Amino acid sequence: METLLDDYREADTDQEFEGESGARKSEIDFKLVTFTLAGRQYGIDIMNVKEISKANRFTYVPNAPAFVEGVYNLRGEIITIINLRKMFHLPAQERRKEDLANILILHIQDSVIGVIVDAIENVLGVHSKDIQPRHPLFTDIQMKYISGVIEVKEKLYVILDVDRVFGEEEEKEKDELPAVSEKQEEAAPRGAAPAGKKKAPATKDDLAFQFIRDTLATFAHFYVDAGNEPWVKERLREWKTLRERSRKDIQLQSLNDAEDFLDPFFSPYTGMLWGDEYRAAFEEILWKDADTVKAWNPGTGKGSEAFSVCAILRLKFPSARLK
Numbered sequence: 001m002e003t004l005l006d007d008y009r010e011a012d013t014d015q016e017f018e019g020e021s022g023a024r025k026s027e028i029d030f031k032l033v034t035f036t037l038a039g040r041q042y043g044i045d046i047m048n049v050k051e052i053s054k055a056n057r058f059t060y061v062p063n064a065p066a067f068v069e070g071v072y073n074l075r076g077e078i079i080t081i082i083n084l085r086k087m088f089h090l091p092a093q094e095r096r097k098e099d100l101a102n103i104l105i106l107h108i109q110d111s112v113i114g115v116i117v118d119a120i121e122n123v124l125g126v127h128s129k130d131i132q133p134r135h136p137l138f139t140d141i142q143m144k145y146i147s148g149v150i151e152v153k154e155k156l157y158v159i160l161d162v163d164r165v166f167g168e169e170e171e172k173e174k175d176e177l178p179a180v181s182e183k184q185e186e187a188a189p190r191g192a193a194p195a196g197k198k199k200a201p202a203t204k205d206d207l208a209f210q211f212i213r214d215t216l217a218t219f220a221h222f223y224v225d226a227g228n229e230p231w232v233k234e235r236l237r238e239w240k241t242l243r244e245r246s247r248k249d250i251q252l253q254s255l256n257d258a259e260d261f262l263d264p265f266f267s268p269y270t271g272m273l274w275g276d277e278y279r280a281a282f283e284e285i286l287w288k289d290a291d292t293v294k295a296w297n298p299g300t301g302k303g304s305e306a307f308s309v310c311a312i313l314r315l316k317f318p319s320a321r322l323k
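Using my numbering, you'd call the opening residue of the sequence shown number 1 and step up by one each time.
Treat the hints loosely; a few may be bogus.
[Claimed, not checked] For each label pair, taking beta carbons as the anchor points, the in silico distance ranges come out as:
1) F266 <-> G70: 32 to 40 Å
2) A64 <-> M272: 40 to 48 Å
3) T36 <-> E98: 17 to 25 Å
4) E259 <-> R75: 15 to 23 Å
[Said to hold, decoys possible] Here are the computed lysine to aspartate or glutamate pairs in the DMTMM-like style, where the Cα-Cα straight-line distance is at most 25 Å:
5) K316 <-> E284
6) K294 <-> E284
7) K50 <-> E284
8) K50 <-> D205
9) K50 <-> D99
10) K86 <-> E121
11) K86 <-> D205
12) K248 <-> D99
13) K294 <-> D205
14) K50 <-> D118
15) K144 <-> D161
16) K97 <-> E77
17) K248 <-> E229
Just so you know, the hints here were simulated from the structure itself, not pulled from any lab data. No experiment lies behind these values; they were computed from the predicted model shown. Glycine is no exception: its CB is placed at the ideal position from the N, C-alpha and C atoms.
All chains should be built: construct the whole structure from the sequences, respecting the hints.
What follows is the structure in structure tokens.
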């Protein structure tokens with residue numbers, strides 16, 4: 001995940017207007033998912049954010065630390081849910097049982113966890129050179145968990161180092177490494193390639209696609225795969241033209257942006273039975289004869305479109321077996 005940010009720093013960009021932090025958009029090389037906690041603004045590297053979610057029912061885990069709310073079934077994957085206020089010893093926030101908690105689903109090394117925050121705001125694009133060193137006056141959280149701070153539109157965001165907050169400490173490996181001064185550590189770029197190994201820089205289009213892919217998953221739970229990737233890339237070209245005409249960032253910064261991006265993806269008959277024109281177009285691509293027809297339904301809401309497909313297949317192949 002960090003290597004993607006290094007690639008973005010090396011990529012050649014040519015947009016001229018200003019970004020969220022006042023930097024030219026051609027200089028934006030770092031994206032933060034921002035949230036609030038106990039009245040302060042925080043940010044997490046978007047490369048660590050898998051998606052956002054809401055939930056209020058967690059399975060209790062006996063003998064777990066107080067900051068562990070329990071475990072949660074995220075589409076078949078059991079993940080640990082951590083209350084960030086409790087973990088950082090901040091005043092507890094009262095929440096009724098029926099209230100949904102705001103959850104950031106994070107990639108941490110090889111694991112996936114969920115963290116409860118007060119409110120999830122948006123995505124900010126900034127220049128890494130604008131990030132200032134951490135300072136104890138800016139937050140109540142331990143310094144070792146902070147990678148830096150940045151001011152955006154008169155708001156100060158504390159950037160959390162989630163690998164330090166939640167990652168396992170590998171003391172044995174650290175002991176075997178030579179000592180590095182604090183200045184040397186800060187000077188080394190995050191995710192830098194090993195000495196002697198030069199990474200091929202990613203292109204501007206490659207990085208724009210990777211950010212779109214990640215934010216579609218974060219905001220809309222839309223996952224890019226081999227089947228829909230060509231459409232997403234073509235839509236990104238259209239989206240870039242539309243956004244640049246209106247002088248807006250091409251990157252998705254909210255659920256509304258993600259829904260606007262995906263609007264042409266869905267069938268015009270979503271949630272409805274197909275009309276005659278749509279049905280005729282579908283019939284034209286079907287083969288002439290078949291003994292067995294297999295239809296895969298990955299999930300179609302209330303089933304109106306799935307019923308339309310089955311009805312057409314039955315009329316087209318009256319003697320065939322439908323599976």
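| query | Given the proposed pairing of K50 with D99, does the C-alpha separation stay at or below 25 Å? | reply | Status holds; Cα separation ~23 Å.
| request: Please work out if K248 and E229 have their alpha carbons no farther apart than 25 Å. | output: holds, 23 Å
| request: Quickly compare the C-alpha distance for K50 and D205 to 25 Å and report which way the hint goes. | output: Holds, because 21 Å separates the two Cα atoms, which is no more than 25 Å.
| field | Agreement of K248 and D99 with the hint, judged by alpha carbon distance not exceeding 25 Å | value | violated, 34 Å
| Is it true that the CA of K86 sits at most 25 Å from the CA of D205? | violated, 41 Å
| request: Could you check the hint for me, namely that T36 and E98 are 17 to 25 Å apart, CB to CB? | output: With a Cβ separation near 21 Å, T36 and E98 satisfy 17 to 25 Å, so the hint holds.
| field | Pairwise hint evaluation, D205 against K294, where the allowed Cα distance is 25 Å at most | value | violated, 38 Å
| said: Does E284 sit within 25 Å of K316, going by the straight-line distance between their CA atoms? | reply: With a Cα-Cα distance of about 11 Å, the restraint between K316 and E284 holds, given a limit of 25 Å.
| query | Measuring from beta carbon to beta carbon, are F266 and G70 in 32 to 40 Å? | reply | Since F266 and G70 have Cβ atoms about 35 Å apart, the given range 32 to 40 Å holds.
| query | Given the hinted pair K50 and D118, is their alpha-carbon gap at most 25 Å? | reply | With a Cα-Cα distance of about 18 Å, the restraint between K50 and D118 holds, given a limit of 25 Å.
| task | Compare the distance between the alpha carbons of K294 and E284 with 25 Å, and conclude whether the hinted pair is satisfied. | result | Holds, at roughly 18 Å.
| Does the structure keep K144 and D161 at a Cα separation of 25 Å or less? | holds, 8 Å
Hints 7, 11, 12 and 13 from the list above are not met by this structure, while the remaining hints are.
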